[in-house]
Amino acid sequence: DAGVIQSPRHEVTEMGQEVTLRCKPISGHDYLFWYRQTMMRGLELLIYFNNNVPIDDSGMPEDRFSAKMPNASFSTLKIQPSEPRDSAVYFCASKQASGPYGYTFGSGTRLTVV
Amino acid sequence: GQNIDQPTEMTATEGAIVQINCTYQTSGFNGLFWYQQHAGEAPTFLSYNVLDGLEEKGRFSSFLSRSKGYSYLLLKELQMKDSASYLCAVRDWDTDKLIFGTGTRLQVFP
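Chains as they are written, first to last, in the working numbering: chain V, 1 to 114; chain B, 115 to 224.
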């Protein structure tokens, strides 16, 4: 099993540009979570999906952020337009519906907005 | 909502024992997790407690008291590779969301 796969690993972009982060969850996992990590605020849950359906997006900071999961094997997190304060590491995680051990994280995308 | 508190930093000596505490307040509790995160890497699962008591797994143990909203992670026979951040996280009963504390950065010295 390749685990949760995120791309790109690093992204540097200019303020105002659109940024798209990608995630492939573990096959068979029903839940997918997007987190953002900064030194000041730690790991914050942005949005999560169950069976490709967005369940809770209350953590999405602004309308500039959007997330989609068109199928069970792919999700995107988009920021448009990006701002310097969006600089952070963005993690995707997935889990199975049953059992407590399935929160597996991807390697993250380090986003820098200049 | 949920509020999770843990110390920001701790230091310890190789071979020693260290205890990292976590207190939480939650409207609906469905388990407490500990994750380890090395610098520049993803969090990795260490332990899970849903009932009161101690769970032991090799050099690592985790304790939970639901009535006190308290957990600790105990690391024995510390090794240099244990230098990392340790994240306490609570799962919400209603939503299944995993909410993290800000983490405790542990430095192990020779």
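Any given hint could turn out to be false.
With the C-beta cut set under 8 Å, the calculated list includes, among others, these residues of chain V facing chain B [unchecked claim]: (1) E11; (2) T13; (3) G42; (4) L45; (5) Y48; (6) F91.
Quick partial rundown of chain B residues pointing at chain V, CB under 7 Å, derived from the structure [what the hints assert, rightly or not]: (7) A153; (8) P157; (9) L188; (10) K211; (11) Q221; (12) P224.
Residues from chain B that keep clear of chain V, each with C-beta distances beyond 12 Å, as calculated [what the hints assert, rightly or not]: (13) A126; (14) F174; (15) S175; (16) S179; (17) G183; (18) Y186.
Keep in mind that the hints were calculated from the coordinates and are not lab data.
None of these values were measured; they are calculated from a predicted model.
Every residue gets a Cβ at the ideal spot worked out from N, C-alpha and C, and that includes glycine.
Outcome of the hint check:
1. Look at E11(V): its Cβ only gets to about 15 Å from chain B, farther than 8 Å, so that hint breaks.
2. A distance limit of 8 Å between C-beta atoms decides the matter here; for T13(V) the minimum to chain B is near 20 Å, and the interface restraint is violated.
3. Annotation: interface hint on G42(V) holds; nearest CB of chain B at approximately 4 Å, less than 8 Å.
4. The beta carbon of L45(V) comes within 6 Å of a beta carbon in chain B, closer than 8 Å, and the hint placing it at the interface holds.
5. For Y48(V), the interface hint holds, the least distance from its beta-carbon to any beta-carbon of chain B being 7 Å, beneath 8 Å.
6. At about 6 Å, the closest approach between the beta carbon of F91(V) and any beta carbon in chain B falls short of 8 Å, and the interface hint on this residue holds.
7. Annotation: interface hint on A153(B) violated; nearest CB of chain V at approximately 11 Å, more than 7 Å.
8. Residue-level restraint check for P157(B) holds (minimum Cβ-Cβ distance to chain V is 5 Å; threshold 7 Å).
9. With its C-beta approaching chain V no nearer than about 20 Å, L188(B) sits outside the 7 Å limit, and its interface hint is violated.
10. Contact between K211(B) and chain V, as hinted, is supported at the beta carbon level, the nearest pair being about 6 Å apart and thus within 7 Å.
11. For Q221(B), the interface hint is violated, since its Cβ never comes within 7 Å of a Cβ in chain V; the closest pair sits about 16 Å apart.
12. With 7 Å as the threshold, the beta carbon of P224(B) stays out of range of chain V, its nearest partner Cβ sitting at about 26 Å, so the hint is violated.
13. Distance check on A126(B): its Cβ is at least 22 Å (rounded) from any Cβ of chain V, clearing the 12 Å threshold; non-interface status holds.
14. With a least beta-carbon separation of about 15 Å from chain V, F174(B) lies farther than 12 Å from that chain, consistent with its non-interface assignment.
15. With a least beta-carbon separation of about 17 Å from chain V, S175(B) lies farther than 12 Å from that chain, consistent with its non-interface assignment.
16. Chain V leaves S179(B) outside its interface by the beta-carbon criterion, the shortest separation being 18 Å against a cut-off of 12 Å.
17. Consistency note on G183(B): stated as away from chain V, and its beta-carbon is indeed over 12 Å from all of that chain's, at 19 Å minimum.
18. With a closest Cβ-Cβ approach of about 19 Å to chain V, Y186(B) is found to remain outside the 12 Å limit, as its non-interface label requires.
Checked against the numbered hints above, the structure violates hints 1, 2, 7, 9, 11 and 12; every other hint is satisfied.
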